[in-house]
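Asks: Sequence:
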Amino acid sequence: MRPVIYQLFVRHFSNFRESGVDWGTLEQNGCGTFRGITDKALLELASMGVTHVWLTGVLRQATQTSFPGLPAQPPCIVKGLEGSPYAVTDMFDVSPELAVEQSERLNEFEDLVFRCRRAGLVPMIDLVPNHVSRGYAPASASSPTLGAEDDFSLFCGRENAFFYLQRGAAGGGPPMRLPDGEYAPEAVHGRVTGNNAATWTPSRYDWYETVKLNYGANYELGAAAMDQLPGWLSRRCETPRTWQFMDDMIAYWQKQGVGGFRCDMAHMVPMYFWKWAISRARVRDAAVFFMAEAYNDDMRTTSDDVLPALLDAGFAGVYDADCYHHSHGLYDAGAWANDFDRLNGNESRLFGGGVRYVENHDEPRMCSPQHWGGVGEQVEEGVMTAVFAASKGPVLVYNGQEVGERAEGPSGYGGRDGRTSIFDYTCLPRLARWTNGGAYDGARLSPGEREMRSMHKNLLSLLNHPALKDGVFYGLNWANMRNETFGRAPGEEASGHWVYAFLRHHWEDASTLLVVCNLSPSLDFNDLRIHIPRQAQEWAGKGRGDYLFRDLLHKGAGAIPGSADMLATDGLHLPLKAGKAVILDWSVVRP
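Count the sequence shown with UniProt numbering and you get residues 1 to 591, in order.
Careful, some of the hints might be misleading.
[What the hints assert, rightly or not] If you anchor each label on the Cβ, the simulated ranges turn out as follows:
# : residue 1 : residue 2 : range
1 : H573      : L26       : 54 to 64 Å
2 : A510      : D285      : 33 to 43 Å
3 : G329      : G168      : 38 to 48 Å
4 : G345      : P138      : 42 to 52 Å
5 : L154      : H325      : 32 to 42 Å
[What the hints assert, rightly or not] Capping the alpha-carbon separation at 27 Å, the derived lysine-lysine pairs in DSSO-like fashion look like this:
#  : residue 1 : residue 2
6  : K577      : K555
7  : K40       : K255
8  : K555      : K469
9  : K275      : K255
10 : K40       : K555
11 : K577      : K457
Since the hints were made in silico from the structure, they are not lab data.
Small disclaimer: the values here were computed from a predicted structure and weren't measured.
For glycine and all other residues, C-beta sits at the position ideal for the given N, C-alpha and C.
Please construct the entire structure, taking both the sequences and the accompanying hints into account.
Replies: Spelled out as structure tokens, the structure:
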């Protein structure tokens, strides 16, 4: 099964309000709940081709909202009123705002996990291994703590939970002075921020509300320090205390029925830990799914490319950020469709292990007029098909994407940057017209929103076609660069700016798909012709003969006839509107 992951941000998904006020409170703007995600909602997601539901923002986070027995955190360590879901205050608890009855919040979460399983969906939650809130404080006395036995005199003690600022650290010495004021608990002993800022005065651009976790190696010394850590076969008693804490946390949520973890900023955590922890998790549940948010940047813990290293450590998928940035770059950086080929080789580890997406909570909404050249809504079908159908790894869809959400809900700390705020009490106006007060029937969607959701359903359901799930890739743009009818725009001297075409072939059942995407927001290519050279036909095992091409993405479209000679010379005639795509089943009529 090819994983099709739906990022369901609980606080947004089942908040049925369509409007609110900027900097609004929980009472003013509302918040989604576990109970609000009903059997009907989950069955609708399953019918859309979804296999995994990433329940985002479940763990209890630092917030400026108080609940019985849980006072609000100081404003200086909370971004927004609701707070970032990645500034966790208790890894063994869930956010009380997501429960109808706060005292029953864990039971309400477990009921949701059961409903996911009953709908045939694998429930996932966030694992935030690199950092926690500065105000980390377990709700229960029986929950494991962090840092209670730390040695403050060491920047990096093997058994310390955190990294402690020493004499001479940047920022002029104590107390800890955050952008919105001094933080009294760190008046003497300051800690390094989540993004490795070792300073008493982190900036507003730092992850100042969080502190970095210590896995027993000094990140400042780079990959060489990581090589001193225990191996993946080490006994639990031989590992640093933070490893054991995280292992306990993973085991706890597995016991509650959680079947997968999306691991935040996984490249900032040692690979030795990941291999050890994932192998232990798979002893408890062989099918447990680990997905890494990771980037090959200067915060990685390896000397070489960290993405293959994470796959080697046991992750089933890692973010394919290069593919995301290239698709975005078609509209704001002058990129060409031809350049997708460098991302789609069969030999690439990311061909099967890259998690592909066009939206998530960190990125702008594709339909926001501020991004994607302001044309995302027009090209979503073409871009999603080019991105998702050209690989065989996991794909990720963000809640609201399927109805063209534009980040038009209320904001606050998150600002108006084309992203749905993860810091503020907000809502998803377009998605709320589909959730329809908990009916989950789409009764109030506009025709355009309904069409977009139908497109998502058709495409996502196709991703487990054998050729898209397990098939190999053959790019066709190289064979069409001199083909003037391959979507060449006026004034261009080569083709392949706006059209992307490729084959996917499954050897066992001999199925072949031809995928063609018009990525232009404005150009209809009515005389589009796709050359498929003899070697490509032989690669797909078609030989000479007559063929039929049937569109699987748009039901009811007529079959297109073709022949071996025609494909190699004139090309397959395939008119394609701006922003649209086809996925054609290529069958032999007469050999």
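Asks: Could you check the hint for me, namely that L154 and H325 are 32 to 42 Å apart, CB to CB?
Replies: This hint holds: roughly 39 Å between Cβ atoms.
Asks: Starting from K40, check that the Cα of K255 is at most 27 Å away, please.
Replies: holds, 25 Å
Asks: 33 to 43 Å was suggested as the range; check whether the CB atoms of A510 and D285 agree with it.
Replies: holds, 35 Å
Asks: Measure nothing beyond the straight line between the CA atoms of K40 and K555; if it is 27 Å or shorter, mark the hint as holding.
Replies: holds, 25 Å
Asks: Verify the proposed pairing of K577 with K457, using a straight-line Cα cut of 27 Å.
Replies: With a Cα-Cα distance of about 20 Å, the restraint between K577 and K457 holds, given a limit of 27 Å.
Asks: Does 38 to 48 Å hold as the CB distance between G329 and G168, or does it fail?
Replies: holds, 42 Å
Asks: Check whether the Cα positions of K555 and K469 lie no farther apart than 27 Å.
Replies: Distance of about 20 Å is within 27 Å: holds.
Asks: Indicate whether the distance between the beta carbons of H573 and L26 respects the range 54 to 64 Å.
Replies: holds, 57 Å
Asks: Given the hinted pair K275 and K255, is their Cα-Cα distance within 27 Å?
Replies: holds, 20 Å
Asks: Verify the proposed pairing of K577 with K555, using a straight-line Cα cut of 27 Å.
Replies: holds, 16 Å
Asks: Is 42 to 52 Å respected by the C-beta to C-beta distance linking G345 and P138?
Replies: For G345 and P138 the Cβ distance comes to about 47 Å; the hint holds.
In summary, this structure violates none of the numbered hints.
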